[in-house]
Amino acid sequence: MATADLRRGYILGLSAYVIWGLFPMYFKAIQAVPSLEIIVHRAIWSALFGALLLLVWKHPGWLRELIDHPKRFAVLALSGSLIAANWLIYVWAVNNGRMLEASLGYYINPLVNVLLGMLLLGERLRRLQWAAVVLAAAGVAQQLWQVGSLPWVSLALALTFASYGLIRKKAPVAALPGLVVETWLLLPLAIGWILFHPAAMSSQPAFWTTSEALWLMAAGPVTLIPLVCFNAAARHLPFATLGFLQYIAPTLVLLLAVLVYGEHFDPAKLISFLLIWAGLAVYSVDTWLTLRKRPARA
1 MATADLRRGY ILGLSAYVIW GLFPMYFKAI QAVPSLEIIV HRAIWSALFG
51 ALLLLVWKHP GWLRELIDHP KRFAVLALSG SLIAANWLIY VWAVNNGRML
101 EASLGYYINP LVNVLLGMLL LGERLRRLQW AAVVLAAAGV AQQLWQVGSL
151 PWVSLALALT FASYGLIRKK APVAALPGLV VETWLLLPLA IGWILFHPAA
201 MSSQPAFWTT SEALWLMAAG PVTLIPLVCF NAAARHLPFA TLGFLQYIAP
251 TLVLLLAVLV YGEHFDPAKL ISFLLIWAGL AVYSVDTWLT LRKRPARA
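Once you know that position 73 of the sequence shown is 73 in my numbering, the rest is easy, because the numbers rise by one and skip nothing.
No lab work stands behind these hints, which were simulated from the structure alone.
Treat the hints with care, as some may be off.
Said to hold, decoys possible - Okay, derived cross-link-like pairs now, DSBU-like style, lysine-lysine, Cα gap no bigger than 30 Å in a straight line: (1) K293 x K169; (2) K71 x K170; (3) K169 x K58; (4) K71 x K169; (5) K170 x K293; (6) K58 x K71; (7) K58 x K170.
Stated by the list, open to error - Label pairs and their computed distance ranges (CB to CB): (8) L214 x L289: 40 to 50 Å; (9) L121 x M217: 54 to 64 Å; (10) P70 x A281: 22 to 32 Å; (11) W208 x T241: 40 to 50 Å; (12) T251 x L120: 21 to 31 Å; (13) G122 x T3: 34 to 44 Å.
C-beta: ideal position from N, C-alpha, C; glycine also.
Turn these sequences into a full structure, and let the hints steer you where they fit.
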């Protein structure tokens, strides 16, 4: 792979994960707006901005392909519901002092992917993958034992996002058109919610003269720009490199939670994180070893 392509891939990949890692700062800026209302606007502005992107970056034939395979609309409706649920849980966590749990959820996510592959796709886990899953489960169990409750925010984020990825595999639609269609399918619900909630902040004409209105309108670019960067990076970087870069986002969220927003990182949480980090280290080693064993392409 050419050095210029690798450099471009690193820049795009780092851009995507850094933006995702700094998401909490964006949602904190609109903390006065209820979480559900933020998601409603995220769907609306993502749909509009996504349509604009599709005009700029043409994806020939994607709409015809969807029309020829109408079942894919149903799959995208389901995946859109899952990603909307993921967005809602994440925004709620950020704006309710649960950023550490959100960070933990995205650290867990690769291991949940492995587990779902075994349970739903019949994939066989290698020994190191089993070890990684067991370590992550121990981290969750430690939270239950020490705190007395499951880290439901972490588990819900990991499960919804892993399920979203799994379902999107069943709908062979390119990433950007797929996400745009998902937001289009959410659009009637989002507009209906605003129309039938006259007390909502964004239903008041005066709201649209405030800075929060501009922040809400920015939800479209904020949602889609890192996705575009990620998909471009995926074309220039090896899979293993992308796998390591994915830990940048939850690490930034963790640092923001503790250093900027003052969330308490107590010993019980530290032990959970250490167990899950150990699981991720084992998982990364397994991925690296597996890729090394593959024959080089001619």
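Hints, one by one, checked against the model:
{"no.": "1", "hint": "K293 x K169", "verdict": "25 Å, holds"}
{"no.": "2", "hint": "K71 x K170", "verdict": "10 Å, holds"}
{"no.": "3", "hint": "K169 x K58", "verdict": "22 Å, holds"}
{"no.": "4", "hint": "K71 x K169", "verdict": "14 Å, holds"}
{"no.": "5", "hint": "K170 x K293", "verdict": "28 Å, holds"}
{"no.": "6", "hint": "K58 x K71", "verdict": "23 Å, holds"}
{"no.": "7", "hint": "K58 x K170", "verdict": "23 Å, holds"}
{"no.": "8", "hint": "L214 x L289: 40 to 50 Å", "verdict": "49 Å, holds"}
{"no.": "9", "hint": "L121 x M217: 54 to 64 Å", "verdict": "39 Å, violated"}
{"no.": "10", "hint": "P70 x A281: 22 to 32 Å", "verdict": "44 Å, violated"}
{"no.": "11", "hint": "W208 x T241: 40 to 50 Å", "verdict": "43 Å, holds"}
{"no.": "12", "hint": "T251 x L120: 21 to 31 Å", "verdict": "29 Å, holds"}
{"no.": "13", "hint": "G122 x T3: 34 to 44 Å", "verdict": "40 Å, holds"}
Of the numbered hints listed earlier, those contradicted by the structure are 9 and 10.
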